[in-house]
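Since the structure of chain D is already known, use the hints to place chains G, L and E on it.
Listed below, chain by chain, are the residues.
There are 4 protein chains.
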Amino acid sequence: MEKKITIGIIGAGRIGKLHAENIANNFKYVEIKTISDLYADKIADWAKSLGVKNVCSDYKEIINDPEIDAVLVCSSTNTHSQISYEAAKAGKHIFCEKPIDYDIDRIKKVMEAVDEAGVKFQVGFNRRFDHNFKRVRELVKEGKIGEPHIIKITSRDPEPPPIEYVKVSGGMMLDMTIHDFDMARYLSGSEVTEVYTSAAVLVDPEIGKAGDVDTAVITLKFKNGAIGVIDNSRKAAYGYDQRVEVFGSKGGITVSNDTPSSAVLSTSEGVFSDKPKYFFLERYKDSFIEELRDFFDAVLNDKPTPVTAIDGLKPVIIGLAAMESYKTGKPVKIEE
Amino acid sequence: MEKKITIGIIGAGRIGKLHAENIANNFKYVEIKTISDLYADKIADWAKSLGVKNVCSDYKEIINDPEIDAVLVCSSTNTHSQISYEAAKAGKHIFCEKPIDYDIDRIKKVMEAVDEAGVKFQVGFNRRFDHNFKRVRELVKEGKIGEPHIIKITSRDPEPPPIEYVKVSGGMMLDMTIHDFDMARYLSGSEVTEVYTSAAVLVDPEIGKAGDVDTAVITLKFKNGAIGVIDNSRKAAYGYDQRVEVFGSKGGITVSNDTPSSAVLSTSEGVFSDKPKYFFLERYKDSFIEELRDFFDAVLNDKPTPVTAIDGLKPVIIGLAAMESYKTGKPVKIEE
Amino acid sequence: MEKKITIGIIGAGRIGKLHAENIANNFKYVEIKTISDLYADKIADWAKSLGVKNVCSDYKEIINDPEIDAVLVCSSTNTHSQISYEAAKAGKHIFCEKPIDYDIDRIKKVMEAVDEAGVKFQVGFNRRFDHNFKRVRELVKEGKIGEPHIIKITSRDPEPPPIEYVKVSGGMMLDMTIHDFDMARYLSGSEVTEVYTSAAVLVDPEIGKAGDVDTAVITLKFKNGAIGVIDNSRKAAYGYDQRVEVFGSKGGITVSNDTPSSAVLSTSEGVFSDKPKYFFLERYKDSFIEELRDFFDAVLNDKPTPVTAIDGLKPVIIGLAAMESYKTGKPVKIEE
Amino acid sequence: MEKKITIGIIGAGRIGKLHAENIANNFKYVEIKTISDLYADKIADWAKSLGVKNVCSDYKEIINDPEIDAVLVCSSTNTHSQISYEAAKAGKHIFCEKPIDYDIDRIKKVMEAVDEAGVKFQVGFNRRFDHNFKRVRELVKEGKIGEPHIIKITSRDPEPPPIEYVKVSGGMMLDMTIHDFDMARYLSGSEVTEVYTSAAVLVDPEIGKAGDVDTAVITLKFKNGAIGVIDNSRKAAYGYDQRVEVFGSKGGITVSNDTPSSAVLSTSEGVFSDKPKYFFLERYKDSFIEELRDFFDAVLNDKPTPVTAIDGLKPVIIGLAAMESYKTGKPVKIEE
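Residue numbers (the UniProt record's numbering), protein chains in the order written: chain D, 1 to 336; chain G, 1 to 336; chain L, 1 to 336; chain E, 1 to 336.
One chain only, chain D, in its complex shape:
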């Protein structure tokens, strides 16, 4: 197959690098023409090893390049909306890392520019492409459990991020739970209408001093009548805990954690098995490839993207409401 899409990648931090390598190894029909990064010098050798021709420090070179069809916005969070806006204005298709922004108006401005330009826009909610969660969604969609009544999401990190990161992250609800808000919408196929947050600082008092929480149970009401509950912790001693359950009128579906192996060791001490895969790079490895496959398919074949700008907006709205609920101690309604 000939290379049919020419792209630029803006930002070559951990996630930008991951995408670049996944593209080089899995999508022969995609050419990464240019990668921009504030520290362009440092990425030159790595980019060359992937067969990328250009490296630059100014992302505008990518946006102004008429040969480039699509951009991946992998820069720091606070630049996502501005760069996406400019890319849309320049007629580029956009794959934007989550979150688009923490400011709803700025997200809406991106949405307008995208609509106007008629370009494809996809947000990087990669967990929708995970083999387990995708299977749950399929079974729900096929009606195997009838109408969803209760949606449960367990999402716990193996370790809290550095305290410096906590301070600038926008808080656990917008940094970590935002994935779960997206998952709740994805699994239920419905919109959240109310949120109630019960949260605490139980893992590390420093997180509390930084104005954030590290443990939370968040109740959601959905438009279709279902009730959801997310439980989060910044520190699960046994590793990355990512499970969901959807319960409905005709049955229920659960998924458990993936493990490095299925080995079970039985001794006089007890029966031992593997801990979950350590963290998101191991656990969601394939999902990062699958989300790009769908994005490139949408661009090449003029299909809708599977995770739209609206899907980027809604979890931010829920996250802000969840924070408000935590601060006021009351449930918070979400306008449509």
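These are calculated hints, taken from the structure and not from any lab test.
All values derive from a computational prediction rather than experimental measurement.
Any given hint might turn out to be false.
Identical copies carry no separate label here, and so any pair may be met within one copy or between two of them.
[Said to hold, decoys possible] Cut-off 27 Å, straight-line C-alpha distance, at most; resulting in silico cross-link-like pairs (DSS-like, lysine-lysine):
(1) 28 - 48
(2) 235 - 141
(3) 235 - 250
(4) 223 - 209
(5) 144 - 235
(6) 327 - 98
(7) 303 - 89
(8) 250 - 277
(9) 17 - 4
For chains G, L and E alone, coordinates are given in the frame of chain D:
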């Protein structure tokens, strides 16, 4: 071993009969001298087959019998507190089915009488004696998961009760969730300080017409800082769903459902395994024996009972608060 | 229900006591009139506590008692066939512990006497009544896996028996594997036509010195074309390991071990779950009751017993062939 | 990293293509200079898309190319030994697909040439690199189960191969079970000294007519005293069944099948989960990459290869003995 305890059983409905048979088959040192029931005629043959000498229709015969050491109060719910009160006044040890009452003052009156008489009092929260939940509690107590942070309880019935029962049951929170409120206290080793209920009528509109709900997600805050969440449904298509999870600073514990067999059938259609044991009589069979073992042990050896009158009171208080939360749409604090 | 069967129990060792207690607690319609034991004095109090009227040291008192309908032969192995023979001659129904004998001719003599007397005869292969294995057999019978092709049985004890016992036990094949030979016939629904034994002394050299083996893999050929394999060990460090698998033209069935609880503990050290239930008394607790239920049902309602004298004979024949195979190092055919 | 190894691939059938793509996507430091195939025309476009410069129909071009350091022998089975021999003579490092040959003398001739040339030689027993089996081996090596006593391998294909393939495959023992013979040696860390085969035609009579079997239970004795058992079927209705168990003096280890997802669906019909991953390309996907990683590491850093020519020879010897055992109906000893 000689028969060392002589007891009377008040009420021979489903649960009274179960206790009587469990005692006859498992506790050679316990003599059931008398069983009272409003329909004494109907139980005479059955009682005889168990070796029980007397059957009567008036429970006062039991309470006034100086040979009887202890009574099992298995009559209809609205008589529990009055009979327990009279039994305490008569100096009998008391095993009382849950709930003691739905009226807090009447429970407190029983508690006072019990204290004054210095008799043993145990409430029939049998799930504490279940092999799975007991193991979870042990592991928590042993500090295996450190400080508890999140307590999760899933409790779903296979079928809603008859609508006539729903109308007089006191509502799902007091009839069904009350077991889960007890479990939450038992597993966490702490008291509930706040409750928030999100509930709905999703199973059967008739339940809604009867003023009750059939689906709920209830968030609890505990004195020790932990957060709890209970999810309930009146109808799990696949059967009785009884799982818990306790997550803490050093790890987590989960228990899954018990099944009739461990058989797994793999065919071209898929991989099939057993549904959970059908309902509480199958699922909690052994726990009904174990709770009595501990009660008789407390009586014989003058030990504290494992589920006290306070343990009977607290879940009622939480249940009433959970209902208030549902009605007001707000979290409700629980005074100590 | 009135007491409809009057029985005597011959031998009150571990298994005789177990049966007596199971009967007293579960079968109100069965009266244990007499228990005989060489050490009658030592069992008197225990027998009385069960409501048994007579205790004697000579089993002939039971066999000659015209009021007794059925006997349970629970005496030492070397007396099973003689007592069964006498009981049949006396017209008693017989429940005989396994094995009937290690001598095929003596088993056949029992079978003739049983046929002649027209009494019921059941052998104590209790594992057929286990919830797991019964479920496997049902699924096989229902044709869920089509024609059986491969039958696999894992059977490992937690500890070897005392070396004194090993010396008189008849060898592992007749003492331990005999249960698995029965299970192989039960699960496959077919007869064994050839056996090949690969065995070794890997657990304890003392067992080898006593002329026995402690580890074995035994291959079976069945009349219906299927192939079977049993693996045994006298010592599984993690406890009693009892699993089976039946694989056929349309699929396969496996059963795993039962555990005391379903609790799973996850910590930074790993994921821990329960070891199997410790040994046969815990693991097969209910099966001992179920086999008697069927025996009493056969006696009361003139039905065939579920485990006949032929079922007692065949595993002994296979066991002797398995030993011959081990000694000669060659497969051994089994005549029909 | 610069490209440090230049290789040629001989044969671009299914496995040759798989290796070429895995190398292009995962090993930047490996350059595939040339691919030879009898139908060179048909692979030209595909090879170009991977960045391969040359395509040819004569493998000798690769063997005679002084720039090429190593070759992958992926041609038809009957050419493996001859090509490997020539490659060794030309001083190339060799990765040879299994089996090297079915003729022991021809394998030995290759071994001599390899030794003489001092080149690296690795056989494509990819399953040793599977996450599950590798974990079992590690645990055995770490002594977690003490001395191995019983090794069990279940290996069942989802569908028999075409009957035309069966006729030329060398028979199930050399075509399919050969992987299990390798696994037996790998897991036990010991050599097989005796083999006994019980086999049958139960899946498809056409396989029998072609002189082969489709179902087998094969018992192995190991030099270290352990006993092994392999069970095979050409058709597991539920898919590819690949499990192992190692049982030893201190415990046991089992691994179960990998599945596409961990989703469990519970309905009124039962509890359903995923079938195993369909066949070897899905199931052992990563192992094909890992075996090459180790081969390239051995070449680059002058380390021993993890699967040597001896490891290629031994399973063929065992396979031939297993066939002899099937034909004679007797156990067959294996000389060292």
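A quick look at each hint next to the structure:
no.	hint	verdict
1	28 - 48	both (16 Å within a copy, 11 Å between copies)
2	235 - 141	between (33 Å within a copy, 21 Å between copies)
3	235 - 250	between (35 Å within a copy, 9 Å between copies)
4	223 - 209	between (36 Å within a copy, 21 Å between copies)
5	144 - 235	between (34 Å within a copy, 16 Å between copies)
6	327 - 98	within (24 Å within a copy, 37 Å between copies)
7	303 - 89	within (20 Å within a copy, 56 Å between copies)
8	250 - 277	between (31 Å within a copy, 17 Å between copies)
9	17 - 4	both (21 Å within a copy, 23 Å between copies)
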